Every structure is written in C-alpha cells, then in structure tokens.
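Engineer: Spelled out, the chains give:
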Amino acid sequence: MVKTSINAPTKGGFNFDLCQRNEMLLKKGMQLPTFRKTGTTIVGIVFQDGVILGADTRATEGPIVADKNCEKIHYMAPNIYCCGAGTAADTEAVTDMVSSQLQLHCYATGRESRVVTALTLLKSHLFSYQGHVSAALVLGGVDISGPHLHTVYPHGSTDTLPFATMGSGSLAAMAVFESKFREGLTKDEGIQLLCEAICSGIFNDLGSGSNVDVCIITKGHTEYLRNHQLPNPRTYVSSRGYNFVKGHTEVLSTKITPLKSKAEAALVDAMEE
Amino acid sequence: MGDSQYSFSLTTFSPSGKLVQIEHALMAVGSGQTSLGIKAANGVVIATEKKLPSILVDETSVQKIQLMTTNIGVVYSGMGPDSRVLVRKSRKQAQQYYRLYKEPIPVTQLVRETAAVMQEFTQSGGVRPFGVSLLVAGYDDNGPQLFQVDPSGSYFSWKASAMGKNVSNAKTFLEKRYTDDMELDDAVHTAILTLKEGYFL
Numbered sequence: 001m002v003k004t005s006i007n008a009p010t011k012g013g014f015n016f017d018l019c020q021r022n023e024m025l026l027k028k029g030m031q032l033p034t035f036r037k038t039g040t041t042i043v044g045i046v047f048q049d050g051v052i053l054g055a056d057t058r059a060t061e062g063p064i065v066a067d068k069n070c071e072k073i074h075y076m077a078p079n080i081y082c083c084g085a086g087t088a089a090d091t092e093a094v095t096d097m098v099s100s101q102l103q104l105h106c107y108a109t110g111r112e113s114r115v116v117t118a119l120t121l122l123k124s125h126l127f128s129y130q131g132h133v134s135a136a137l138v139l140g141g142v143d144i145s146g147p148h149l150h151t152v153y154p155h156g157s158t159d160t161l162p163f164a165t166m167g168s169g170s171l172a173a174m175a176v177f178e179s180k181f182r183e184g185l186t187k188d189e190g191i192q193l194l195c196e197a198i199c200s201g202i203f204n205d206l207g208s209g210s211n212v213d214v215c216i217i218t219k220g221h222t223e224y225l226r227n228h229q230l231p232n233p234r235t236y237v238s239s240r241g242y243n244f245v246k247g248h249t250e251v252l253s254t255k256i257t258p259l260k261s262k263a264e265a266a267l268v269d270a271m272e273e
Numbered sequence: 001m002g003d004s005q006y007s008f009s010l011t012t013f014s015p016s017g018k019l020v021q022i023e024h025a026l027m028a029v030g031s032g033q034t035s036l037g038i039k040a041a042n043g044v045v046i047a048t049e050k051k052l053p054s055i056l057v058d059e060t061s062v063q064k065i066q067l068m069t070t071n072i073g074v075v076y077s078g079m080g081p082d083s084r085v086l087v088r089k090s091r092k093q094a095q096q097y098y099r100l101y102k103e104p105i106p107v108t109q110l111v112r113e114t115a116a117v118m119q120e121f122t123q124s125g126g127v128r129p130f131g132v133s134l135l136v137a138g139y140d141d142n143g144p145q146l147f148q149v150d151p152s153g154s155y156f157s158w159k160a161s162a163m164g165k166n167v168s169n170a171k172t173f174l175e176k177r178y179t180d181d182m183e184l185d186d187a188v189h190t191a192i193l194t195l196k197e198g199y200f201l
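As given, the protein sequences belong to chains A and B, one line each in that order.
Numbering-wise, the first sequence is residues 1 to 273 according to the UniProt record's numbering.
Numbering-wise, the second sequence is residues 1 to 201 according to the UniProt record's numbering.
If you're looking for bench data, these hints aren't it; they were derived computationally from the structure.
Here the structure is a predicted model, which is why all the values come from computation and not from measurement.
For every residue, glycine included, the Cβ atom is placed at its ideal position computed from N, Cα and C.
Take these hints with a grain of salt, some might be off.
[Stated by the list, open to error] Here are the computed distance ranges between Cβ atoms for each label pair:
#1 Pro63/A x Thr70/B: 36 to 46 Å
#2 Thr60/B x Asn204/A: 27 to 37 Å
#3 Gly126/B x Leu104/A: 49 to 59 Å
#4 Lys159/B x Thr109/A: 30 to 40 Å
#5 Asn204/A x Asp58/B: 53 to 63 Å
#6 Arg21/A x Lys92/B: 52 to 62 Å
#7 Glu120/B x Arg21/A: 52 to 62 Å
Required output: the full structure, derived from the provided sequences and hints.
Structural biologist: Printed below as a string of structure tokens:
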C-alpha cells in the first residue's frame, strides 16, 4: 500500500523453519533428495602483468555429460572474472547477482570495481546461506591496487593465493602447479602452465573434460579466450554416414496388421454461439 | 492563489481538478538551472550549465549529468538531492531488468519505471512529489531517444527540449535551429549556443 522511502532491512538468508520436520522425516526413514554436483577443474594464477583464469568445459549430471562445452568463467566486472565449480545454477546465480551489485557500486563511487569488493560480496552471501549455496569459486582480477587471486568456498571462507585450483579436478591441476609454478611468469609461460594444469584435470578426472577456456586479465585490458585449446575433438568413423542396405539384416518373421479406421464421421450441427 | 485552502494536503484534488502540490513542484523545476536536450540523427546530447554558488566550491564534486546505464544518461532541472534519489532507483531498476531478462534495459522501459516512481510519490501518504524534471537521453536498438519526465510522473518524447529557467526563450531558439537530419556535432554546438542565450539572465 503506502511505500515510504526508508530502506528496511531485507529479509534474507535461509529459512530454517522446516529443519525440525526434515529431521523427523529422516528418523522415519525418508531419504533427502540429493542435488547434482558438476565435476570441474578451475584454476587461476598470478603472473607478472596480472591474473590468468582457466577452466574446463564439461558439465555433468552424475555419470552423464550434460554440456560438452559450457562456460565456467563468468563475467563480474570489466577487470574481474570468476570461475565457478559446484552446482552450476548456484555459481551462475551468485556471480550474476554480485556482478549486478558491483555495477551499481561502480556508478555510486565513480571508480573501477575492486576485487576485494567482489570477494566480500560473495563471501557474505555464501556465509548467510550456511553452505547451502554450493558454489566454489576462483575469483581473479586486476584493480588499482594490483592483481588479486582468491578462492571462495561454499561456506564463505576465502583464501588469497598466487595460484589456485578448485573442483573435482583440483588435485590433478594442483599437482602441475606445485611442481612448475614460479613467481614472475610471462604471459605465454603462464598460459602454457595453466593449459597444462587444466588438461591434467581433463584427462585424469572423470568430472572434467572437453576444452580449455582461458581468461587473461591485465591492467586496463582483458582477453577472454573461449576454447583456447580443443584437446578432445569429435572424430567421426565414416564421413559418408551409415548406409543400411536392404537384405543385410536377416528377417526372422513377418506379421502384417491392416489398420482399420475407427473414427466415424457423423453429421452434427454447428456449435451454438 | 484561489486554491490555497487545498494546497495543504497533497492527496486532495482542488475544485478546479488540479493537484496543487504538483503545480508547486513544477514551479520548483521552473526556477532551477536551465538544462536541455537535442536528438540528432546519430545520437542524443544533453547539456546544462553547472552554476556553483561560489568559487570556493570544488567543481569536480558536483555532477549534474549522470549515467543510469552505459547507454542512458540523465540531466535534471530543479532540486539536486531529489534527482540523486531518482538516479539511484533507476540504476537499480536497470540492473534488476538485466538480471531478469539478460537484456540491457530499453530507454522507454527505464523512463516508464522512473515515471512510475515519481507518480507513486504523488499518491502516497506522508511524502511529497519530486522537485525535479528529468531529461533522459539514451541510445538503444530503436536509435537515439530523448524523454522528459515531470514531477507528476508524465513523460514525453522530444526531438529537442529545454527545462528550468529561461525555458521559453530556449525552446524558441531550439525550434528555429532544429533540423531532423542534424549530426551529433551540430547538436552539441546548438546546445551550447542555446545555453549561452540565457547565460546572463
């Protein structure tokens, strides 16, 4: 009805009202429905001019590949990008929301967004949902105070690192980083190391696969290399297609049933208006 | 004014069918700094004179023309603080539109929503109408567009318009100078000339 211009505190966060009921149902033997987690390899490194982010492109629903070429590197601001692992819907929604908030903040301050702003917005949102928003993120960008790389966990904790990996393929990718990373890499060295790490995830982890996406962020310039590497090209057995010639398949028995018309056309009056 | 006994309550119509508070709000607009907008063939220009109360004011801290989205800007005539509130609300609405439809908000939609906010404040209890008129300039798929939004919440699309002090002279000047196939550079030049006309008033 009447709306005044006071900013009332928003009713956010998770509603825990049904937890008692859920516990009661579990005790009676009912199973909680499980949600789908997408396997992923996402990585980020800091190099001499900025930050490089990388991700594989496979989205899985249990044992099935749902999307062979999905985009896991999300836009947050012109100078900040975020890779997402975990539940795909959660990562999409949370990065879109924070991207929107960053844009509004940008207009209000008149300045370029900072990575720590994005980080704080993400972690406070995830914390208020107590880990139920299943988004594990690698956030990277370059702002006025330099290049930054962070990891954000679903419960809301964050790390600040020179190189980071998340997702089911994170161990495979981290193995590559731990042996080959050094400070002050050049752009080409950084991309090569990153692609090696993602490929390690693609080939050694079932939840990751298909192609490599790379995003290079430097001061004043961002390059998004979609499908930078395609190590899993589709190979077709026969380019002519398959041809089934009559007589090549053995016929065991034949039964022919003529179709009888069951509908009877009847003369009826037109529908009354 | 003869309707003065009806001007205490905003939500009451006067016998002549006017909402007197809105008339007063338009007076507030009419005594504000001149601002104008011109729609050219390949863009829109909005301009205003940034008149500061004293030379001691830090001019970089005053922003009369502001962005609502990357392709929509706004200038106002009237009370500056009121325009700030509207710009903030419009920016948020533009972001909400983008979140919902994944499309940058078209100029007409944003104008409509801003006008709806202004109208809300003419029909609620305990609030007063906004003391600003806005000139919204934007460029989207439908080309360059220029809209004026009044304190009552009504909006008009213009080829060229002026608001604030000296509006009649400015509009006459624009009527003489405006052509449909004007280029953006010509439009900028005309805008500056129009503002100069009223400079010494």
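Engineer: Let me make sure I understand: some of the numbered hints might not hold for this structure. Which ones are they, in numerical order?
Structural biologist: 2, 3, 6, 7
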